[in-house]
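Visitor: Here is what each chain is made of, one letter per residue.
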Amino acid sequence: MTTLTNDGKKSLPHTHTPGNPAVWVFVLSEMSEFAFFFIVFLVVKLLHPELFSTGPAQLNTLAGLANTALLITSSWFVANAVKATKSGHREKTISWLALTIAAGLLYCAIKYLEYRWNVDHGITTRTNLFFSLYYYLAFNHLLHVLIGICVIGWALLQSWLGAYDAEDHEGLEGAATYWHMIDLVWILLFPLLYIVG
Amino acid sequence: MKYESQKVAKPYFIFALILFAGQVLFGLIMGMQYIDGDTLFPYIPFNVARMVHTNLLIVWLLFGFMGAAYYLIPEESETELFCPKLAIVMFWVFAAAGVATILGYLLVPYAELARLTGNVIWPTMGREFLEQPTITKLGIVVVALAFIFNIGMTVLKGRKTVINLILITGLIGLAVFFLFSFYNPINLALDKFFWWWVVHLWVEGVWELILGAILAFVLVKITGVDREYIEKWLYLIIALTLISGLVGMGHHYYWIGTPKYWLWLGSFFSALEPIPFFMMMLYAFSVVKKRRINPNNKIATTWALGTATMAFLGAGVWGFIHTLAPVNYYTHGTQITAAHGHLAFFGAYAMIVMTIISYAMPILRGREEGNPPEAQKVERIAFWLMCISMIGITLALTAAGVWQVSLQRLPETGATGFIDTQTQINPVYWIRLLLGLLFTAGLAAYLASFFISGRTESRSA
Numbered sequence: 001m002t003t004l005t006n007d008g009k010k011s012l013p014h015t016h017t018p019g020n021p022a023v024w025v026f027v028l029s030e031m032s033e034f035a036f037f038f039i040v041f042l043v044v045k046l047l048h049p050e051l052f053s054t055g056p057a058q059l060n061t062l063a064g065l066a067n068t069a070l071l072i073t074s075s076w077f078v079a080n081a082v083k084a085t086k087s088g089h090r091e092k093t094i095s096w097l098a099l100t101i102a103a104g105l106l107y108c109a110i111k112y113l114e115y116r117w118n119v120d121h122g123i124t125t126r127t128n129l130f131f132s133l134y135y136y137l138a139f140n141h142l143l144h145v146l147i148g149i150c151v152i153g154w155a156l157l158q159s160w161l162g163a164y165d166a167e168d169h170e171g172l173e174g175a176a177t178y179w180h181m182i183d184l185v186w187i188l189l190f191p192l193l194y195i196v197g
Numbered sequence: 001m002k003y004e005s006q007k008v009a010k011p012y013f014i015f016a017l018i019l020f021a022g023q024v025l026f027g028l029i030m031g032m033q034y035i036d037g038d039t040l041f042p043y044i045p046f047n048v049a050r051m052v053h054t055n056l057l058i059v060w061l062l063f064g065f066m067g068a069a070y071y072l073i074p075e076e077s078e079t080e081l082f083c084p085k086l087a088i089v090m091f092w093v094f095a096a097a098g099v100a101t102i103l104g105y106l107l108v109p110y111a112e113l114a115r116l117t118g119n120v121i122w123p124t125m126g127r128e129f130l131e132q133p134t135i136t137k138l139g140i141v142v143v144a145l146a147f148i149f150n151i152g153m154t155v156l157k158g159r160k161t162v163i164n165l166i167l168i169t170g171l172i173g174l175a176v177f178f179l180f181s182f183y184n185p186i187n188l189a190l191d192k193f194f195w196w197w198v199v200h201l202w203v204e205g206v207w208e209l210i211l212g213a214i215l216a217f218v219l220v221k222i223t224g225v226d227r228e229y230i231e232k233w234l235y236l237i238i239a240l241t242l243i244s245g246l247v248g249m250g251h252h253y254y255w256i257g258t259p260k261y262w263l264w265l266g267s268f269f270s271a272l273e274p275i276p277f278f279m280m281m282l283y284a285f286s287v288v289k290k291r292r293i294n295p296n297n298k299i300a301t302t303w304a305l306g307t308a309t310m311a312f313l314g315a316g317v318w319g320f321i322h323t324l325a326p327v328n329y330y331t332h333g334t335q336i337t338a339a340h341g342h343l344a345f346f347g348a349y350a351m352i353v354m355t356i357i358s359y360a361m362p363i364l365r366g367r368e369e370g371n372p373p374e375a376q377k378v379e380r381i382a383f384w385l386m387c388i389s390m391i392g393i394t395l396a397l398t399a400a401g402v403w404q405v406s407l408q409r410l411p412e413t414g415a416t417g418f419i420d421t422q423t424q425i426n427p428v429y430w431i432r433l434l435l436g437l438l439f440t441a442g443l444a445a446y447l448a449s450f451f452i453s454g455r456t457e458s459r460s461a
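First to last, the protein sequences are chains A and B.
Be aware that the first sequence starts at 1, since it is given in this note's numbering, and climbs by one per residue.
Be aware that the second sequence starts at 1, since it is given in this note's numbering, and climbs by one per residue.
Fair warning: there could be bad hints in the mix.
As the list claims (entries may be wrong) - Calculated lysine-lysine pairs in the DSS-like style (CA-CA distance at most 27 Å, straight line): (1) A:K83 / B:K290; (2) A:K86 / B:K298; (3) B:K289 / A:K86; (4) A:K83 / B:K160; (5) B:K160 / B:K232; (6) B:K290 / B:K160; (7) B:K157 / B:K7; (8) B:K298 / B:K10.
Rather than coming from a laboratory, the hints here were simulated on the basis of the structure.
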């Protein structure tokens, strides 16, 4: 917000970049990577419209929907963790982070069940181009969730060790930023893979 | 400048930049040859241009590392260099051998060069990056031994710090791995196996130690942050580099006839390789944030942060893109490899040499306060021009690579042949060439910045 100083001049708004700038370089390069994959997906979709119109309906939408709900909830958990640290509540931070990890693990479990369901319904990486891309993108995202769980686990450990306080919690903000990125990518992936036929 | 003998770094830095300009010139020639293969034929055929481009890259980086070591080792060890004269003699030996070798590539057909230099007695020529005649390779060994002796004796007689010990470990590793260029077994799989130990165990192993040490030195100097804080990070980064890089280098072994376990070892460990690069970026930004001093040489900080960022993007992100065996099965040796090679070499190694030059060269020229603002302004423009155009080149080559994979590698039947694929990719090569020209403009601005004088110079001259 722009504020006025005593001499009537406008002062610059107070800006705060959460986390270390390096985290943002990382997040932006990850998002560029996924953007690149989305472009590849859309180009292949343009070339093979028939596969991509029938593909999404054959996937387990419920699994996709459940994971979307889980990731959005987990983002709320991690945002609350940062909020708790800012108000100096270490125990609450730890609980919120533990919930984030639990949501991440549940996401992985649902993915496992979904892959088993796929196999039962004859869907594999080599079924057709749509499913190859579905597996490539979704598995790539799953890897990011696993990395994210490790990152949040590290932030939890740091919180437990008392490394963060209300003023200095750059590492936690970085971890939360990364987790939000994973969530954001999934929000784009879900309609692309499961809905838009 | 704290020690008189640090001055020997100056000719190394100057010659490194001259060779850098040569490398970029031959890069442009190849950029044209990708569009029209007959450009400059028969005077500079593609294979010769490529050889000169890659060899100049390695040699100018070696000159840069040597200059960096001669500058920072006396200051870190708090003593004069063991033998400055030896450093100067070796400079001339290395420069003469380098120039003679490049002239040999350009003036004599390669087979004739092999015959003239007696390759038949001890055959080591004809392999990528290792095209130098055996006699040049022996010369490199002599220069490297004299260099390490000189640096090692200086460290031994002076203060031992984490920075100078890590630097010398990296330099010794560099020399040791170069010895594998003399091993040239008849079995092709064995030949390739050990071939990767030279340049690629450098860039994924020991050179990262050199990079880490130089970056740490510059950060200590330009931020005034506690050495202990920087050293803790450095230990962590180096440990992770060696854990991930030495085995991760196995991602080159996938398709050369090695046992299958390399698919797993190479994939797993090389997937970890971005971590130390990410940590390097994390610590560079946090050290600059904690800075206690704000020197006039602002551009050195830009270079330091830029190196950490671009190294992460080039070596970390672009390396990861095609490192997993199932992906690499399709992308191995395509333009995606070229994209990674360009951004990684520039971001990690070319930029760290320019970082130390940006910090040390003004001091070596008697400008203790850094270059005048006018010169720094031009250098800053050069920094952004080179970084942006190199990212552009990388993106163009990535697009070319994806296109190449889709035409040449993915189709199970009816795949397009190599040359036909190259013809189809031609539009992207035009974009790459234009970005190459932009990079050249950046380099020209960078070199021009050394000749801009201003207020600071008159004050400290």
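Visitor: None of the hints should be skipped; say for each whether it holds.
Guide: Evaluation of the provided hints:
Between K83 of chain A and K290 of chain B the CA atoms are separated by roughly 24 Å; this keeps the pair inside 27 Å, and the hint holds. Only pairs whose Cα atoms come within 27 Å are accepted, and K86 of chain A paired with K298 of chain B is rejected, the gap being roughly 34 Å. Among the hinted pairs, K289 of chain B with K86 of chain A is consistent with the structure: their alpha-carbon atoms are about 21 Å apart, no more than 27 Å. Taking the CA atoms of K83 of chain A and K160 of chain B, the gap is about 45 Å. The hint is violated against a cut of 27 Å.
At roughly 16 Å between alpha-carbon atoms, K160 of chain B and K232 of chain B fall within 27 Å of each other, so this suggested pair holds. A hinted pair counts as satisfied when its Cα atoms are at most 27 Å apart, and K290 of chain B with K160 of chain B qualifies at roughly 25 Å. Of the supplied pair hints, the one linking K157 of chain B and K7 of chain B holds, its CA atoms being roughly 19 Å apart against a limit of 27 Å. Under the criterion of a C-alpha separation no larger than 27 Å, the hint pairing K298 of chain B with K10 of chain B is consistent with the structure, at around 21 Å.
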